[in-house]
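Novice: Here is how the chains run, residue by residue.
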Amino acid sequence: MQLNRDELLGAYRRMKTIREFEERLHEEIKTGEIGGFTHLYAGQEAVAVGLCDQLTIDDKIVSTHRGHGHCIAKGCDVKGMMKEIYGRAGGLCKGRAGSMHIADLDVGMLGANGIVGGGAPQAVGAAIAARIDGKGRVGVTFSGDGACNQGTTFEAMNLAVVTKVPAIFVFENNHYSEHTGDAYAVGTNRDIASRAEGFGMKAWRANGCDFFETYAAFTEILEYVRAGNGPAAIELDTERYYGHFEGDPQRYRGKGELDRIRAERDCLKAFRARVTGAALLTDADLDTIDAEVLALIDEAVAEARADEQPDPATVADDVYVEYY
Amino acid sequence: MAIMNIREAIVSTLHAEMERDSDIILLGEDVVGGNGTAGGPEAIGGIWGTSPGLWKKFGPERVIDTPISESAIIGAAAGAALSGKRPVAELMFADFVGVSLDQIWNQMAKFRYMFGGKTKCPAVVRLVYGAGMQTAAQHSQSVYAMLTAMPGLKVVLPTTPADAKGLLTEALRGDDPVMFFEHKTLYGVKGEVPDGDHRQRFGEARVVREGGDVTVVACGRMVNFSEKAADAVAKDGIGIDLLDLRTTSPLDEDAILESVEQTGRLVVVDESPPRCSLAADIAAMVTERAFTSLKAPPAMVTAPHSPIPFARNLERAWVPSPQKIEDAVRRVLAFR
Ligand SMILES: Cc1ncc(C[n+]2csc(CCOP(=O)(O)OP(=O)(O)O)c2C)c(N)n1
Chain Z
1 MQLNRDELLG
11 AYRRMKTIRE
21 FEERLHEEIK
31 TGEIGGFTHL
41 YAGQEAVAVG
51 LCDQLTIDDK
61 IVSTHRGHGH
71 CIAKGCDVKG
81 MMKEIYGRAG
91 GLCKGRAGSM
101 HIADLDVGML
111 GANGIVGGGA
121 PQAVGAAIAA
131 RIDGKGRVGV
141 TFSGDGACNQ
151 GTTFEAMNLA
161 VVTKVPAIFV
171 FENNHYSEHT
181 GDAYAVGTNR
191 DIASRAEGFG
201 MKAWRANGCD
211 FFETYAAFTE
221 ILEYVRAGNG
231 PAAIELDTER
241 YYGHFEGDPQ
251 RYRGKGELDR
261 IRAERDCLKA
271 FRARVTGAAL
281 LTDADLDTID
291 AEVLALIDEA
301 VAEARADEQP
311 DPATVADDVY
321 VEYY
Chain P
1 MAIMNIREAI
11 VSTLHAEMER
21 DSDIILLGED
31 VVGGNGTAGG
41 PEAIGGIWGT
51 SPGLWKKFGP
61 ERVIDTPISE
71 SAIIGAAAGA
81 ALSGKRPVAE
91 LMFADFVGVS
101 LDQIWNQMAK
111 FRYMFGGKTK
121 CPAVVRLVYG
131 AGMQTAAQHS
141 QSVYAMLTAM
151 PGLKVVLPTT
161 PADAKGLLTE
171 ALRGDDPVMF
181 FEHKTLYGVK
191 GEVPDGDHRQ
201 RFGEARVVRE
211 GGDVTVVACG
221 RMVNFSEKAA
231 DAVAKDGIGI
241 DLLDLRTTSP
251 LDEDAILESV
261 EQTGRLVVVD
271 ESPPRCSLAA
281 DIAAMVTERA
291 FTSLKAPPAM
301 VTAPHSPIPF
311 ARNLERAWVP
321 SPQKIEDAVR
331 RVLAFR
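Residue numbers (the numbering used here), protein chains in the order written: chain Z, 1 to 324; chain P, 1 to 336.
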């Protein structure tokens, strides 16, 4: 792994930002100030950062209903995100999107998605555009173990294969779709990557709680796809620490399951152990980042709370582009 | 009569009807809930709490958790209905009609007609709809008008626990595909529910109140908002004829026309954008059929022509409010 010091620090900062953003939202939601559905990404940080750290701003990603991590990894403004989730005028989407539909096209983040499976074909479209533009860009879609069962995902994979476009299908298998397990709902012996292979795509598998393994797999995939070999897929074994949505009592979890995955499958802890063990970074380096991230999240929440509500008179604006 | 809320009325009706008729099956995402997990089946009894106990009672052959694949859910329901079963398919948000539209629109709705009237398709699709919980553009829509526009589908929207029972029973005993809309903010609404067999015929509007000055026609949550508006104008001695449509296909045209012929004034309230809406449809029907009775142009109270926003205050501005209904009532009364 040839990550230099700055790259390591940057990766840690982004993963930590996602984690603290989520931990803080988990608390703030209890105040009742944040409405609608909020789906937290905590636990899956290594996937979003392991990939997006290797993308440029012109590479496009399409996200899921669990999109905060993808947003932060792709470079969305954290304060703008927080304002959006609070439904404020200064939010990334002026308070129209909320957590579930958040987007920032300026950084190549084409949107979270309230429709499971809605994004995959759009990533193929992004890949078609990328190939025409000829600058080696890619279109990426994130899907869960639930979304991989949606027809759109199958249709998108086949379209990507027959058009040989630079699309990457990232399957984040956190083993649950809402309250149903992948053991029940994923029919290929729970092996999602083999579905992509069934369409004739090259597929990778990796431990999504291990940043370095995930990063290395994405390096290979990006090389492969950017070289014009057509689409690729990867299935990542990962975990979500919180419920399907905030407020989910998680009765479907096994006893002690959450404690166990937090203890044994925490990508941030594993990252720290690895880089300090190999003397690449010190605990002090990482502690400094922790403090900075916490301060940023504090500011983001304070600014979101203080920001104005959108003007109700604007409710029907932006339906169409105005030409005159 | 028992007092229960709409959620309880739906659950108990499903239990009773599945017990009565072994052809009824239930399928949808997480309707069992917890399959393939350590918590096991029924760790969750449906995400809206509308299917607890059904799996335990009727088993995995009749209560089927599906993967996330709405086309497959609705298509399977259509196929099972053609094969002698009475499926109830749940779409946990009505917006997901978008994903399964072909199976509803081109398949299920058309079988009976296309096949020369020789077949039936007794499938009930339960759809959770409506704004009010900040679920934003892709989880809040009221797509009943779109499905009302499609011949072959019956479209039902209960607003009371008694109607939830009566209309669901009717849906389950009928032989047509029924789109059964449940407003996500109304599950907790309580009321009296008749014991035993209770069927509510489709196409028979509920007269919520009779007042004689203005006819207000509404469905779903907008019925409750219209009652608030009616209370407000009652203080000024204005009496409202309030009709809860119960079903938009078939539509109780007679009840609407009869009332308008008395009052000469119509306000239609519809929780969706105005163009090609239920409100537009009813306003046009009344204008055509009762023109000479009208003392004022029909008024439509609808959402604006836009998707549904997330922010709390924007969502409130989007949804037709009791105040807007009240204003419309006063407007049609002031017209001369
Ligand atoms: C078309 C559609 N069907 C159902 C839902 C409801 N829903 C939202 S998230 C979700 C589960 C998604 O599971 P998965 O793809 O594994 O992603 P994860 O939640 O695990 O990140 C479901 C069923 C939806 N939003 N859209």
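It should be emphasised that the hints constitute simulated quantities derived from the structure, not laboratory data. Source: prediction; values computed, not measured. Glycine is no exception: its CB is placed at the ideal position from the N, C-alpha and C atoms. Hints are not guaranteed to be accurate.
Stated by the list, open to error - Cβ-to-Cβ under 10 Å is the rule here; a few derived chain P residues that face chain Z:
#1 Gly39
#2 Ile68
#3 Val99
#4 Tyr113
#5 Gln262
#6 Ala311
#7 Glu315
#8 Arg316
Unchecked claim - Covered by chain P, per the in silico footprint, the following chain Z stretches (three or more residues, Cβ under 8 Å):
#9 66 to 74
#10 94 to 106
#11 179 to 188
#12 229 to 243
#13 275 to 281
Novice: Each hint needs a verdict: does it hold in this structure or not?
Specialist: Each hint, compared with the structure:
1. Gly39: holds, 4 Å
2. Ile68: It holds, given that the least Cβ distance between Ile68 of chain P and chain Z is near 4 Å, below 10 Å.
3. Val99: Nearest chain Z Cβ about 7 Å off; hint holds.
4. Tyr113: Not OK, violated: Tyr113 of chain P not within 10 Å of chain Z, min 26 Å.
5. Gln262: Status violated, d = 35 Å.
6. Ala311: Result: holds, 3 Å to nearest chain Z Cβ.
7. Glu315: Result: holds, 8 Å to nearest chain Z Cβ.
8. Arg316: holds, 7 Å
9. 66 to 74: violated (count 0)
10. 94 to 106: holds (count 6)
11. 179 to 188: The restraint on the segment 179 to 188 of chain Z holds, since 9 of its residues have a Cβ under 8 Å from chain P and three suffice.
12. 229 to 243: Not satisfied, violated; 0 residues make the cut.
13. 275 to 281: violated (count 0)
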